[in-house]
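Residue numbering for the sequence shown follows the numbering used here, beginning at 5 and increasing consecutively.
Since the hints were derived computationally from the structure, they do not count as laboratory data. Check the hints yourself; a few may be wrong.
Computed cross-link-like contacts, DSS-like style, restricted to lysine-lysine with a CA-CA straight-line distance of at most 30 Å [unchecked claim]:
1. K138 <-> K64
2. K64 <-> K33
3. K138 <-> K33
4. K302 <-> K81
5. K302 <-> K33
6. K33 <-> K81
7. K35 <-> K302
FRET-style restraints, in silico, Cβ to Cβ [claimed, not checked]:
8. K64 <-> A182: 22 to 30 Å
9. A60 <-> P115: 39 to 47 Å
10. V284 <-> A87: 35 to 43 Å
11. R175 <-> S27: 17 to 25 Å
Here the structure is a predicted model, which means the values were calculated and not measured. Glycine included, C-beta positions come from ideal geometry on N, C-alpha and C.
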Amino acid sequence: MDQARRIGQHILLERVALDPFGSLHRAVKLKDGAYDRHALVRVYNGEVLRGRGFDARLHKAGWVIHDLPREWACGRKWRIDDASEPILSCDFTPGLTLASLLRKAARARTPLPPRFVLAVLQRVAVGVRFMRQKRVGYGVLNPSQVWLGFDGSVHLLDAPMAPFLAEGIGRMPEARMALLPFLGLGAEDPERRDAFQLGALALTALTLSVPPGYRTLLHQGTPMLARRGSPLPENLRGLVARLLCIEDPFRTTAEAADGIEAVAFGLDPDLECGAVARAVHLRATHPEIFRIQTRDWKREARADWGAFLAMERIQRQHDEAFQQAALGRGLVAGVTG
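Can you build the whole structure from these sequences, using the hints too?
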């Protein structure tokens, strides 16, 4: 709490991730100076903020928020706090990004179980399909955009802003370079692009290619997608190949999501997946993060935020007095010098 800083009604407590669009912070949202709820806050980086028409896109994101379903696939209780530093926030549940999980797995050289990858992919596909039903695409899907909760939830970060980030990605050279493996080569059709990104997400998780240069991704993924000798179950291998447009491509996002659910819940009992399986895997592989976040969650819900705000006011008054004194000394020096 000593390093916390406030933006609007949110107090940012801890940075939990960096990605091509900025940073993610664990935070609390205040109401009338008291604790209201925990939040996951997106702070956009300079490249995004400098984009032409960012304020207009942020305003349009407010319209998208009202159309998104009230369930975890697309986040929950989205809010735009248009303070001096505009932020996007949603309800927070203890967890980590898929990108962070993949980095840890790559360092440990421990592949993710295909069942877990499929379980995550199925929930991500639900979120993408929800957005497509509202006539907006996601368009920038990658492991940094997927939040995995220790309660088994999976939801998409930046959901209200994602369509507008995708529109402006051509004017964000650093973000575009980082996301190139997921943008698809010449995929102009938004629905085909979302399906391709689902496939790239699955292949990245299965191969642990982080960061996944496009050639690296396909080179490491080729043995898994080959019909003979693939270490993956045939239905999962075929699913990823279809998503990546290598074999019999899906025509729409809805068709791709239905195909993922068919594999996840119907074709192979050994690949059946659900929230319990996701929660068990995450808690078993990241017990320390789970313990710390759960402890802090409880402590922050009971904290006296009124005292924090009082200290903030005192510090602000001290800073203003110091600036006034410094300005006075400068004027005196200017006159006498």
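Against the 30 Å threshold, does the CA-CA distance of K35 and K302 hold or violate the hint?
18 Å, holds
Straight-line alpha-carbon gap K138 to K64, limit 30 Å:
14 Å, holds
Go ahead and decide if the range 22 to 30 Å is satisfied by the Cβ distance of K64 to A182.
With a Cβ separation near 24 Å, K64 and A182 satisfy 22 to 30 Å, so the hint holds.
Compare the distance between the alpha carbons of K302 and K33 with 30 Å, and conclude whether the hinted pair is satisfied.
Within the cut-off at roughly 14 Å; holds.
Hey, K64 versus K33, does the alpha-carbon distance stay inside 30 Å?
The given pair, whose Cα atoms are some 23 Å apart, holds under the 30 Å limit.
Using the Cβ atoms, figure out if V284 sits within 35 to 43 Å of A87.
Given a distance of about 39 Å, which is inside 35 to 43 Å, the answer is holds.
Cβ separation of R175 and S27, checked against the hinted range 17 to 25 Å:
20 Å, holds
K33 paired with K81 [C-alpha distance capped at 30 Å]
Within the cut-off at roughly 12 Å; holds.
Hinted pair, alpha-carbon criterion (30 Å max): K138, K33. Please report holds or violated.
Given pair K138, K33 holds - Cα atoms ~28 Å apart, limit 30 Å.
Could you say whether the range 39 to 47 Å given as a hint is met by the Cβ separation of A60 and P115?
43 Å, holds
Does K302 pair with K81 here, judged by a C-alpha cut-off of 30 Å?
20 Å, holds
This entry satisfies every hint, going by the numbered hints stated previously.
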